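Sequential numbering of the sequence shown, starting at 6, is according to the working numbering.
Since the hints were derived computationally from the structure, they do not count as laboratory data.
Quick caveat, the model's predicted, so the values are computed rather than measured.
Built from N, CA and C at the ideal position, the CB exists for glycine as well.
Hints may contain errors.
Derived DSS-like pairs (lysine-lysine); straight-line CA-CA distance at most 25 Å [unchecked claim]:
#1 228 x 245
#2 228 x 195
#3 228 x 188
#4 44 x 188
Estimated spans, in silico, between C-beta atoms of each pair [as the list claims (entries may be wrong)]:
#5 27 x 230: 38 to 44 Å
#6 127 x 158: 18 to 24 Å
#7 127 x 190: 51 to 57 Å
#8 69 x 230: 26 to 32 Å
#9 171 x 149: 25 to 31 Å
#10 64 x 207: 49 to 55 Å
#11 100 x 45: 16 to 22 Å
#12 105 x 226: 18 to 24 Å
#13 58 x 198: 37 to 43 Å
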Amino acid sequence: MSAPGRLIGVGTGPGDPDLMTVKAVKALASADVMAYFAKAGRRGNGRGIVDGIVRDDIIELPLYYPVTTEIEKHEDGYISQITDFYEESAVRVAEHLDAGRTVAVLSEGDPLFYGSYMHLHVRLAHRYPTEVIPGVTAMSGCWSQAGVPIVQGDDVLSVLPGTMPEQELVRRLNDTEAAVIMKVGRNLPKIRRALAETGRINQAVYVERGTMANTQMIPLAHKQDDAAPYFSIVLVPGWKDKP
């Protein structure tokens, strides 16, 4: 029997291919299989980032989500479908690992920071040789693009999913110097209200598709509508003693 293959979680960074690490590019150059998550019918942002980098002869293994935002995440239907999906995805990846192939799994941003890769990692890392290659996070890409100093000195930074209940957002915004609000999308109206209630909306910066070719950014108070894609972030800087 052949030796088992190697699993590699590859952080592709926030969107700009030039922000991929040298180590990530080398991993893709040597991998036998490239797996990536995507919505059914789409290629996915992670796959798009590596266009022009990945070899033509690499085996591609797309893993299509059965559901994304169609069902609320706390509903039984969502939980059962997504759990089965991750189990099946791990089996598909394991088939290549058992055949002795190296499998690189793409993950936007960093693989272990809100990344789908981690669902494979917890199912497979104890069974196969595994490496995780960190990536530039979406929030880092966004505050760098916007030129927003986010924290300094003793500032506390909180990373908040916009999916949390409104009053919980308010509580946490009141209890931190700086915040990055992720998973914005259709939660933008709720996020606006929470920022207004805490008196912080005038400091907030909205960044859409950070570092990507079609990126946009604007002070949130100046944004006239509530339309926001999944890949959007709200930055609330904490550093008050700016020169």
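Hint check:
A threshold of 25 Å between alpha carbons decides the hint, and for residue 228 with residue 245 the separation of about 23 Å falls inside it, so the pair holds. Straight-line distance between C-alpha atoms of residue 228 and residue 195 comes to about 14 Å, which keeps the hinted pair within the 25 Å bound. Between residue 228 and residue 188 the alpha-carbon distance is near 17 Å, which keeps this suggested pair within the 25 Å criterion. Proposed proximity of residue 44 and residue 188 is supported: the alpha carbons are some 16 Å apart, at most 25 Å.
Evaluation of the 38 to 44 Å hint for residue 27 and residue 230 yields a pass: the beta carbon distance comes to about 40 Å. Between residue 127 and residue 158 the CB atoms are about 36 Å apart, so this pair departs from the stated range of 18 to 24 Å. A hinted range of 51 to 57 Å is violated for the C-beta pair residue 127 and residue 190, which are about 26 Å apart. A C-beta distance of roughly 30 Å is found between residue 69 and residue 230, which places it inside the suggested range of 26 to 32 Å.
Restraint check, residue 171 to residue 149: a C-beta distance of roughly 29 Å satisfies the suggested window 25 to 31 Å. Taking the beta carbon of each, residue 64 and residue 207 are about 51 Å apart, inside 49 to 55 Å as hinted. A hinted range of 16 to 22 Å holds for the C-beta pair residue 100 and residue 45, which are about 21 Å apart. A hinted range of 18 to 24 Å is violated for the C-beta pair residue 105 and residue 226, which are about 56 Å apart.
Distance hint check for residue 58 and residue 198: the Cβ-Cβ separation is about 41 Å, which falls inside the suggested range of 37 to 43 Å.
Hint compliance for this structure: hints 6, 7, 12 are not met, and every other hint is.
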